[in-house]
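All chains should be built: construct the whole structure from the sequences, respecting the hints.
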Amino acid sequence: MNQKILIRQTKVIDPNGPHHQQVVDIEILNGKINRIAKNIQITDNQEIVIKNAPYTSLGWVDCYCELREPGKEIQEDLQTLNEVAINSGFTKILGQPNTIPILEKPSDISLIVEKCQKFQTQIIPLAATSKGFNNLSLTEFFLNKEAGCAGFSQGKIPYSNMDILVRALRSAKSLDLPIVSSPLEKSLANSFINESEKNLHLGFKGQAHIAETSVIAQQIEILKYTGGHLHFTGISTSEGVELIRKAKNENINLTCDISINNLCFTEKDVASYNSLYKTNPPLRTEEDRIALIEGINDGTIDCISSYHQPVNSENKAVEIEYAEEGLLGLQTFLPMYVRHLSTHISLEKFIEAITQKPHKIFGLEKSTIEQGEKSNLVGFDLDSEWLYNFESLKSKSYNHPYFEKSLRGEIKFTANKAQFFQC
Amino acid sequence: MNKLGLKHLLGIKNLSASQIELIFDTAQNFKQILNRPVKKVPSLKDKTIANIFFENSTRTKISFELAEKRLSADVVNFNSSSSSVKKGETLTDTVNNILAMKVDMIVMRHPSPGAAEFLSTQVEAQIINAGDGTHEHPTQALLDAFSIKESLSEIKHKKIVIIGDIMHSRVALSNIFCLKKLGAEVKVCGPASLIPKHIETIGVSYEPNLEKALQWCDVANTLRIQLERQEKEYIASSRNYAAQYGISKQKLDRLDKPIIIMHPGPINRGVELTGDVADSQHAIILDQVENGVAIRMAVLYLLGTN
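Protein sequence lines, in the order shown, are assigned to chains X and L.
Heads up: the first sequence begins at 32 in this note's numbering, then just goes up one per residue.
Heads up: the second sequence begins at -18 in this note's numbering, then just goes up one per residue.
Everything labelled a hint here was simulated from the structure, so no lab data went into it.
Every value quoted in this text rests on a predicted model; they were computed, and no experiment measured them.
Please note: incorrect hints may appear among the correct ones.
Derived BS3-like pairs (lysine-lysine); straight-line CA-CA distance at most 25 Å [as the list claims (entries may be wrong)]:
(1) Lys279/X with Lys204/X
(2) Lys146/X with Lys448/X
(3) Lys28/L with Lys(-12)/L
(4) Lys(-6)/L with Lys20/L
(5) Lys26/L with Lys42/L
(6) Lys178/L with Lys(-6)/L
(7) Lys405/X with Lys63/X
(8) Lys299/X with Lys161/L
(9) Lys425/X with Lys82/X
(10) Lys176/X with Lys204/X
(11) Lys28/L with Lys83/L
(12) Lys299/X with Lys(-6)/L
(13) Lys28/L with Lys299/X
(14) Lys178/L with Lys168/L
(15) Lys50/L with Lys137/L
(16) Lys238/L with Lys168/L
(17) Lys162/L with Lys299/X
(18) Lys436/X with Lys149/X
(19) Lys299/X with Lys(-16)/L
(20) Lys162/L with Lys236/X
(21) Lys217/X with Lys162/X
(22) Lys(-16)/L with Lys130/L
(23) Lys236/X with Lys178/L
(24) Lys140/L with Lys217/X
(25) Lys236/X with Lys(-6)/L
(26) Lys130/L with Lys161/L
(27) Lys161/L with Lys236/X
(28) Lys391/X with Lys425/X
(29) Lys168/L with Lys236/X
(30) Lys391/X with Lys279/X
(31) Lys140/L with Lys83/L
(32) Lys28/L with Lys50/L
(33) Lys(-6)/L with Lys26/L
With beta-carbon atoms standing in for the labels, derived distance ranges [to be verified]:
(34) Ala81/L with Lys299/X: 33 to 39 Å
(35) Thr39/L with Glu252/X: 48 to 54 Å
(36) Glu181/L with Ala248/X: 24 to 30 Å
(37) Lys(-12)/L with Ile105/X: 31 to 37 Å
(38) Met(-18)/L with Asp300/X: 26 to 32 Å
(39) Ala217/L with Glu281/X: 41 to 47 Å
Glycine residues also receive a C-beta, built at the ideal position from the N, C-alpha and C atoms.
Quick look at the structure:
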C-alpha cells in the first residue's frame, strides 16, 4: 500500500484516542496513519480519496465466528470469510475451533494462521480446550499458544464436568489467555426455543433460562477458586446478565460477549417456524433483549459478537427441528445495529464493544487512531442503503432473514495489515 | 375460496369459533349420511387426496381414508415410519413428487412440530394437518369437542379436564385451543413433570390432584401416556401412574355426579383407564371414533369445495 489514501471529513469514533468525536481528514501511507488534520490538501493525483465515510473507527473484532474450513467449505472457507470480513468492517476474527477436524493441535492452529497470513483480515484461531471436546483431557495449551491461538474454547459445546474447567482455567492462567465458555447445562437444554408461552404454542419444549444461569453461577464460583480468566460467550438471559453484573464487583477476571442476534431478535421471530431464526443460544423474550442492551450500556457485557454461522440452503430449507442452527452475522452486523439498536446503544458504546474490549480480552495488538499508528481502520455510513442480494453477498451461504432485503448502514472501507479495501 | 375461507387446516389456533361451528354443522349432516345404507356422496369425486404419514397411525389414517372415500375422492397413501429427511429426501421433494402426479390435497402426519405449516409454505397443494409432533392435531380436537357437544348439548361454560401427559401431547394442545374458543373452562391434571411450565398462559389451570379434578369437571378427557414421544423417563412406572392418575370405577363412584369419560385412543387399559371405565356407559370413546369420520368428511368437504 504505497499509495496515499485520504479519508475526507470523517468523524472519529475512538473512545480512548485523542481524536474521538472530531471530524477530520485522515491520510494513510504505507499502512500507517500519516496525518490527521481538520483539512488535508490533496497533493497527488494518484491518491485514493474517500469522501463517503462519515464515520471512522478502529477495525472491528469479532469474538465469536465459526470457521467452516476445514470440513465444511461448502458453507464458507477462509478465503470467503476474509472477503466477508473486509466488506463488513471486521479486521480481526476470532475463529472458533469447532471445525472438522477440531482445531486442537498446534499444527491445526499453525495451518490456519499460515493460510490466513496473506489476508487483510487477521483470522485468529481459538484452540480447543479439551481434546476432541471430550471434556477429559486438555489440549497442549502452551504449544497452541506458541502456534498462535488467542484462547481456548469449545464452540457451543459446554464444559460437561467442572474438573475440566478447573484444570483449564488454572493452566491458561499462566499463559495469560482466556477460557471461553458457552454456559449451558446440556440436560436442561432440550430445545432450541425459549421456554415461555410461545414455545407452548409452537408445540416444542422450551429451553429454560436455568439451562444457562445454573452454569453461569457454578462457573463463577469455580473462577473464584481457580483464578485465571473466564469469558462467557452467548449470554442470552436477563438473569444471566444479573449474575455477571454481581460477579464483576468481585475481584475476578470475568468477561463476556453476546450474539448480535439476541440483541436484535426475540422468540417472536421463531413463531412461524422459520428455520433462519433457529439459533444457539435460543432467541429469548423482549425482556431478555432489553436486559442485554442494559448490560452493554452499563459495561456488564463486554463485547457484541457476530455469531457468524454459515449454513448452506439445503440444511435450512427443511422442517425447523431438522434444520442446522445459526445465521450469518458479519455482513449484516452494521445494518442490524442501525435497524434494531441505534436508538438504544450509542455508537460509541457499540464501537467499544467491537474494538477496545475484545482487543483487551483476547490480548490482541491494539492501536488508536493517531498519527504514526498502524492503519487498522473501518469507515462507514449509518444512512446509506444497499441491497443484500446475490450480487452483494460475500459469503458462500445466505442464511439470514434479511437476505434479498434493502439494508441501511454500509461499510465504505477497511484498512489493515498495510492493505486497503474500498467497498 | 372454499366454504371454510381457509386454504389449509394446520391447527385449531388458525380457526375462529364460527369456523368450528360450521365444521360441526357440516359434520352433523355427514353423520346422518353415515348412518344410511348408502354412505357415499359425490362431493369430492374430482379430487385426489394423498395421505402422507411419517409416523405410525391406525385410527387417524383409517378415519381419514374412510372420510375421503365416502366423499368419493381418489385416495393414495404414503407411509414411512421415519421422516423423509432421515431417508435423504427432503419433505418438500417428497411431497412435490407426489403432487407431480396431480394430487390436490395432502393429509400429513409428521413427527416434527410445525412440519405442516412449513410444508404449506413450500408447496401449492392444500394441507391438512393430521398431527405434527407435539404441536397440534386439529381434527382430533374437533371430533372431541363435537362429541362433547353431542353429549352435553353445548360446550360453553362446561368444565373439561384433560388428564395425563400434557407435555408430549398434540391432542392436549389442540383440545385446549378448541375448547377455549368454544367457551369451555379447561383444567389439566397429571404428573407435574408432564405439565409444561407456562401452561396457565394459554388460559388453563393445573390441578395436581385427580380426585379434585374429577369432582370439578363435567368431562374427563384422558390422554394416552406417550411413551414413544418421551426421550427420557418422566413416569416411574405404569402402575405408579395408574395408581395416581388412572381412572377406576372406585374413583368415579366416589363422585357426587356422573361425568363423561373420553380417550383419543389407543387406550392403555389399566393405566389411563381401567377396563370397566372404558367400557362403561359414561365413556364415549367409540362415539369419538365414529364422529371422527364425520368431522374429517366435513373438513375435507369444506376445504375441497367452493
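| request: Check each numbered hint from earlier against the structure, then list the numbers of those it violates in ascending order. | output: 4, 13, 15, 18, 19, 24, 28, 31, 33
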